[in-house]
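4 protein chains.
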Amino acid sequence: MTSFKPSDELKQKLYVIIFKSDTKGGKLFDVLLLIVIVFSVLLSMLESIVEYDKQYLIPFRIGEWIITFLFTIEYILRIYCVPNKKKYIFSFYGIIDFLSILPAFISILFSSTRYFSIIRSLRLLRIFRILKLSRYVKESNHLAESIKRSAKKILLFSYFIIIMVTILGAIMYVVESKVNPGFGNIPESVYWAVVTLTTVGYGDITPVTFLGQLIATVIMLLGYSIIAVPTGIVSSEMIRSHRMKDVVCLKCGNQEHDRNAFYCHQCGSRLPISKSP
Amino acid sequence: MTSFKPSDELKQKLYVIIFKSDTKGGKLFDVLLLIVIVFSVLLSMLESIVEYDKQYLIPFRIGEWIITFLFTIEYILRIYCVPNKKKYIFSFYGIIDFLSILPAFISILFSSTRYFSIIRSLRLLRIFRILKLSRYVKESNHLAESIKRSAKKILLFSYFIIIMVTILGAIMYVVESKVNPGFGNIPESVYWAVVTLTTVGYGDITPVTFLGQLIATVIMLLGYSIIAVPTGIVSSEMIRSHRMKDVVCLKCGNQEHDRNAFYCHQCGSRLPISKSP
Amino acid sequence: MTSFKPSDELKQKLYVIIFKSDTKGGKLFDVLLLIVIVFSVLLSMLESIVEYDKQYLIPFRIGEWIITFLFTIEYILRIYCVPNKKKYIFSFYGIIDFLSILPAFISILFSSTRYFSIIRSLRLLRIFRILKLSRYVKESNHLAESIKRSAKKILLFSYFIIIMVTILGAIMYVVESKVNPGFGNIPESVYWAVVTLTTVGYGDITPVTFLGQLIATVIMLLGYSIIAVPTGIVSSEMIRSHRMKDVVCLKCGNQEHDRNAFYCHQCGSRLPISKSP
Amino acid sequence: MTSFKPSDELKQKLYVIIFKSDTKGGKLFDVLLLIVIVFSVLLSMLESIVEYDKQYLIPFRIGEWIITFLFTIEYILRIYCVPNKKKYIFSFYGIIDFLSILPAFISILFSSTRYFSIIRSLRLLRIFRILKLSRYVKESNHLAESIKRSAKKILLFSYFIIIMVTILGAIMYVVESKVNPGFGNIPESVYWAVVTLTTVGYGDITPVTFLGQLIATVIMLLGYSIIAVPTGIVSSEMIRSHRMKDVVCLKCGNQEHDRNAFYCHQCGSRLPISKSP
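Protein chains in written order, with full-length UniProt numbering: chain R, 1 to 277; chain V, 1 to 277; chain Z, 1 to 277; chain H, 1 to 277.
It should be emphasised that the hints constitute simulated quantities derived from the structure, not laboratory data. A virtual CB, placed ideally from N, CA and C, is assigned to each residue, including glycine. It is possible that part of the hints are untrue.
Listed below are the simulated DMTMM-like cross-link pairs for lysine to aspartate or glutamate, each with C-alpha atoms no more than 20 Å apart in a straight line [unchecked claim]: (1) Z/K178 x H/D53; (2) R/K152 x V/E145; (3) V/K178 x Z/D8; (4) H/K178 x R/D53; (5) H/K178 x R/E51.
Each pair of labels, with its calculated beta carbon distance range [to be verified]: (6) Z/K13 x V/E145: 40 to 50 Å; (7) Z/I89 x H/Y52: 52 to 62 Å; (8) V/K152 x Z/K27: 15 to 25 Å; (9) R/T72 x Z/V208: 20 to 30 Å; (10) Z/F39 x V/L222: 22 to 32 Å; (11) H/Y52 x Z/F39: 41 to 51 Å; (12) Z/V31 x H/Y56: 32 to 42 Å; (13) V/F210 x Z/P83: 43 to 53 Å.
Okay, chain R solo, but in the shape it has when bound (with noise of 0.2 Å):
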């Protein structure tokens, strides 16, 4: 889907090279990508960690460097080849590879270097992208393929909690605020109903009244068969897309059939031949 000049031979096997996975090329660069990913991150950790940034402070600034350097040329080398640069340049990766080497060189003038990790981090988000074109390629196919399909019933199931938590924060507020500082305020409520109901428990906010004690009871009882419900989602639909075969059918337009089925369930006409999940 992406047109040549047939003159530019390097900027295709460039492109080739940093941008698919599917020659030996390719795959070496992805890996080693990965690697220096990896390795930015783990420094962005140690560098957080405040005894270690004073012990270690010059080979983690050259550490940084040559990462931010890796980084640059990469992202330097990405424009030259790719052949829609503004497309690359505002897509969501584009962005993230961008981002992830201008606070290197802000920290020049503000040598704050704490928020380099988020946007480093990020940088993970290319995983997927490969694993993509790996060997998982059918797992994840399979498993994205559940979630969208369950997404909707699991959003409309968390619109559920959600308004419950605040009604559940809003009576434990009424209950507790007087005698108990953690529940001081709703908001503070409702993250003690959502720590609840999750079965988080940090404990951090506990009701201390009988009737908040009683009130809780319910709760945790209550989201101990809630929980069962996005579980039940999932499940349901990791099995159906298990059982079924994603053909549709050419007269009635259903497109559930089971996997050994030959003819639609719903019109009884003959079945196109199934791509088997």
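Given the structure of chain R, go ahead and fit chains V, Z and H onto it with the hints provided.
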């Protein structure tokens, strides 16, 4: 299902806009109402934060009165245009609508606005009435149906849980109460048992004796397998409602058939045409 | 399965009322008994709260004696009317019934009522015997059957868990014990491993060393996937018991067949008429 | 698969008893070995409790030496009777067997017995070798197969989790680190993200800023839906392995067929006789 005197055009118009969502006007009204409700909930959240309440007292009060004003008008219009006034006023939503404006007027005499929050947040439930008529209808039906189907089993299961936590709580009370203030009485011990069995684990109450920790360990491993049961129930119901079509066999009355079955597997008689799930 | 001398009408009447639940009288008795049991449990809960016990000493004692009186009569009647006395007295419920009245009489000599609670709460288990004969019978059978089916796998799985927590606990003990009193000995470390792996996470014991936190992270991510296994087991069994009918093939003895199969998929021979699950 | 010189009867007898479990002697040996292993683990647990270790120093030491003696004999016998000595010595279990006796002898010079515990506990893994040959074989195979099948997806999923917790940790570090010592550096923040996402929720590190709590809320709700994915994966695989029979179609090589299919749903050719799952 509602009868009008041909005269009052306006009433009917209003009714369709306020109570129905299938017209353009109705949809718009619902969205606007939703925005006001969400805004009112956010407001009562902010009010509950003491420092903000002090700082922005005036704007908050004004906001309050605007919302109360809007809700009051809405309430009056609802009563005005609904055919069966009694039915609406004493309906679940009717009562909530009333209660959500009442406190504001009371607060002229008694200035505590604290308890607005709950009633306001209950109005969020209207979202579901609106969703009911939206593109989520299929998903929500499917969810609701599955949950309804599994409700009985879940209820039965929660009996079991409640009995278990009572017994476990009593046991832990006997084991720990002497040395551990956290297990000072049985209700608290039961509360602990719920916190543990649901894997919430606040850590506000934890066993300190060796025996107590041993029992706790057993309870946790128990809870770990028990958490599987409600999930299993919901999952199986969801998958079932995928696999089954809800056609009643005209001969033997069996209500469950494979999605692609043409004949009842109970009595072998032809099934009526299916509405696909 | 119980034989009577034609003479003693009364005995038989009593037996049907007290031990069976299919007659009107039997149902009534069960409900009344249940109420008394629940009441007795609530009473021992309240007694366990020191301040209440001080305040309402007299009414509590009176309540105690009323309950003990009722339970004693019930116990005597049970022994009187049951055909096989030995069998009942040494049955699980028989022993509980006896133990739930014993302490009251002992407490005349030694006034500690603390340990009533457990035995009393055990009486709650009677609920299941009553449910057995109620409208929940189908659901409870289905649940019980599925759980029974998956019990063996769950058991096998919990062996695995127990071994794992032992090993993980031992490792964490070696890593943390020097600097962290929480991991003072292996049993405590194992307790921590269980708390972590089951995602309860009290936080009463937490790793402090970097290595400790790293291992903890791995354990958690492990637990996150492991929690899937028991759920998977139960879910699959439940779905199976939906999909399968429990008819034994008369030819090959295969016990699992699709709900709508007329012929054994093992040997192809006609199946006997199915009792739908 | 093991060849013996006809001469050494004893060796062969020993080999069958020690390494195999299908004879009466073999079963007995396994059970005895298991008891000794469990006992040894319990002993190192008790030793790790300081007060006990002081009190019962002598009996503990004696116990140690008895166990070491038994394990040493076992090890020698294993080497003596196994046909392929190298293979055993450098096998996983061979190394564990060796390491589990080594420390005792070293401890003559250096008296720390602390690190016995781990290696000892690793011997518990032998249980599985024994289970392999027991009545659990069918269940364990079914479990193992399902887990193996879903391993790839779970792995893919955990990549995703690891990347996510890194990003989330980095974000929270930026948000909280200034005011919250708990988020002092990125690794700790990542540790917190794992604790939260897996719903363990120790509460040793909790967000204090409003923004922090908001992000935490999102993470929890995320985790709540995400926990569904591995469960869905395992469930679907388990159900599949119930529904599918593992017969390879001789024509098209398709490996998945409905349990009661006689013909391949891919190419329609007759399937070879099935071994029921």
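Now the hints, each set against the structure:
no.: 1; hint: Z/K178 x H/D53; in the structure: holds (16 Å)
no.: 2; hint: R/K152 x V/E145; in the structure: holds (16 Å)
no.: 3; hint: V/K178 x Z/D8; in the structure: violated (51 Å)
no.: 4; hint: H/K178 x R/D53; in the structure: holds (16 Å)
no.: 5; hint: H/K178 x R/E51; in the structure: holds (16 Å)
no.: 6; hint: Z/K13 x V/E145: 40 to 50 Å; in the structure: holds (46 Å)
no.: 7; hint: Z/I89 x H/Y52: 52 to 62 Å; in the structure: violated (42 Å)
no.: 8; hint: V/K152 x Z/K27: 15 to 25 Å; in the structure: holds (19 Å)
no.: 9; hint: R/T72 x Z/V208: 20 to 30 Å; in the structure: violated (40 Å)
no.: 10; hint: Z/F39 x V/L222: 22 to 32 Å; in the structure: holds (28 Å)
no.: 11; hint: H/Y52 x Z/F39: 41 to 51 Å; in the structure: holds (45 Å)
no.: 12; hint: Z/V31 x H/Y56: 32 to 42 Å; in the structure: violated (55 Å)
no.: 13; hint: V/F210 x Z/P83: 43 to 53 Å; in the structure: holds (46 Å)
In terms of the numbered hints stated before, the structure departs from hints 3, 7, 9 and 12, listed from lowest to highest.
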